[in-house]
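Asks: As they're listed, the protein sequences go chains A and B. The letter at position 64 of the first sequence is residue 162 when you use the numbering used here, and the numbering goes up by one with no holes. The letter at position 315 of the second sequence is residue 350 when you use the numbering used here, and the numbering goes up by one with no holes.
The hints are simulated quantities; they were obtained by calculation from the structure and are not laboratory data. Treat the hints with care, as some may be off.
Said to hold, decoys possible - What follows is a set of in silico ranges between Cβ atoms, one per label pair, in the way DEER data are often shown:
| # | chain 1 | residue 1 | chain 2 | residue 2 | range |
| --- | --- | --- | --- | --- | --- |
| 1 | A | Lys180 | B | Asn353 | 43 to 49 Å |
| 2 | A | Ser369 | B | Arg325 | 49 to 55 Å |
| 3 | B | Ile271 | A | Lys180 | 22 to 28 Å |
As the list claims (entries may be wrong) - Below 27 Å or equal to it, Euclidean Cα-Cα: the simulated DSS-like pairs (lysine-lysine) are:
| # | chain 1 | residue 1 | chain 2 | residue 2 |
| --- | --- | --- | --- | --- |
| 4 | A | Lys221 | A | Lys182 |
| 5 | A | Lys180 | B | Lys47 |
| 6 | A | Lys180 | B | Lys57 |
| 7 | B | Lys47 | B | Lys57 |
| 8 | A | Lys180 | A | Lys221 |
| 9 | A | Lys180 | B | Lys419 |
| 10 | A | Lys182 | B | Lys57 |
| 11 | A | Lys221 | B | Lys57 |
| 12 | B | Lys47 | A | Lys221 |
| 13 | A | Lys182 | B | Lys47 |
Glycine residues also receive a C-beta, built at the ideal position from the N, C-alpha and C atoms.
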Amino acid sequence: MVDVHKRFGDVIALNGAGFSVEQGRILGFLGPNGAGKTTMMRVIFDLVHPDAGYVTWNGSPVDAAARLGFGYMPEERGLYPKMKVGDQLVHFARLSGLSRGEAIDAVRHWLGLLGLTDRVDAKLEELSHGNQQRAQLAAALAPNPELLVLDEPFAGLDPIGVESFSETLRELAATGVTIVFSSHQLDLVEDVCEDVAIIADGRMVLSGSLAEIKTRSTRRRLTIDVDGLPWIPDLPDIEVVDHQGQAHCVVPQDAPVAEILAAAEEAGAVSRFAFEPPHLTDLFREAVRS
Amino acid sequence: MNPWTQVWLLAKREFVERGRSKPFIITMAVIAVAILAIGPVVSALTGGEPEATTIGLVGEQPDGIEEELVAQGELFGIEIEVALYTSTTDYVPILEDGLAAAVLVDGDEIVFYEHVSSSLAALIQRSVDSVVTRAMLDDLGLSEGEIAAVTDPAPVSVSTVEESDLAEDARRGAAFVGAIVLYVSIIMFGQFVAMGTVEEKQNRVVEVVLSRVRSWQVLVGKVAGIGLLGLLQLSILVGAAYGSAQFAGFDDIDVAAIGLPIIAGVFFWFILGYMFYAFLYAAVGSTVSRQEDLQGAIMLPIAFILPGYLLAIAAAENPDGALPRIGSLLPMWAPFVMPVRIAADSAAPWEIAVAVLGSIAGAIALVWIGSRVYRGALLRTGTKVKIRDAWRAASE
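Construct the entire structure; sequences and hints are all you get.
Replies: Right, dumping it as structure tokens:
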């Protein structure tokens, strides 16, 4: 996606946003609420017409035909509640251009993969919440897409749900499906993404391979607990972050680790001492600030 | 992928999912059975074949009275059966048990049970006169031919100035019933379109659908699928009504000659009227996000449809009235009013042409306006979208 602009009345939703993803990779499209993630994803499917900018896939501009090869799971989940799961998945697969036979095969395949084979004849409303989520993913997968676009797929999932959903995404990527998903919970999805594109206020603040970004960063995360409580060393270039009751610091990569540890031991019994690459949230804060 | 293939898939889903919903099937079956039952019930109430009237003969009777009663019956248009009770003179039980409508006692007394039928009394009186006169003339020695010349009634023809046209009444009645069926069907299936639109918005499935097809395809598919279901229901109901009319035993009316053109008219005007209103229903349906808010929104199409229905009633009373005439020419009301006027032979060919062409043009305009509002409002959830805002948003 290149240089996408979109204005709704007085609100500038996208101001030159763009990202790219390679085949078979999982890209986390991250940013706080209201940053423009959903608008960006809707642009891919032409649900929103951008004022400027364009979308390409394999080097060609994305048109209606190309879009049929994409699967989409919107943030506002929804399927037909009174329609049988199998019937509606076949319906969506056929809308994407599959023949009846192909659609039935595809639906059987994806329902099997997602553990819903025995619910094929159940109405959607009869399914549990978790299974409805899976049916929603199956609807996005039904046309056997090359690109899967998921808007906030982890919202509303418990930790076990997040773990099993992440595992499913990894398996899909391993079969060659390219996945773009959005999330505002950066720490939750850190383990899932291979690549990240971070958006804030309608423009990109950081993008690339997560591993590379982490290595490239000159900052390190430092977490020290003394006598069971967070302990903050006295350093000139330090940023203290209080995240969900757990305080940690972000310091330069050449911080004097041995001296800090010694100072901490002097203060009491050190129960934790971690000096590690920055997490996504640290990188995000850093990027937004610059 | 051909966009019309997708439209067909969308239409098929609407048709199948709505058509196999239990409330729909049950409602339709109940109505169809009720309509089918009307014919036999009417037939039973009106007695079907007219029964013969029995006249009892008690005591001594003039010769030839039996044949004369039957012959006079033919002249009076009443089928007469004669029952002989010559062995008794007690006629009371015969009347009490309803064995005869009237008795002739000893050839000179007519007795009814409770109410006197003057036509039956006249018939019996004339029969007695006739046989008695004949016997007297025979005694005077007149020949058979001479007797007949005296006693046979001079042919007097009976007629009316205005031709009583049962068929005309039946045709107007059927056209009016057709107008009601049109009114109910257009509201019912228009409402289905609005409900289906809201349902997709409320369940958020619309975004999944729109990621694969354009909004005009969703709209056309929905209207077409539900419209096909409407035609199916109309076929079943009209078929039931037609069958019912066949059973009702309307001897004097050619049911096929009157019914078939009106049935064809109902289908024709349903398609035009449904096209016009379905897109209006879809547009207002797309402006709300919850079924609870729909009742308020569909007041708009109802406000358009209701005057059409009232004008159809007015047209059934007086097809040449000024209001029915104007109403039958305007696109939004022509589908309700014009068929009634056509059935009453009141519409000039140019009026029919204006109504048909106007309705087609109106339906096309509504397809365009409705689609645009639908497109602008579809992805806006939450509060009710103003039609004007939706119209503007469609250009974004």
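Asks: Give me the numbers of the hints this structure contradicts, sorted from smallest to largest.
Replies: Hints that this structure does not satisfy do not exist here, as all of them hold.
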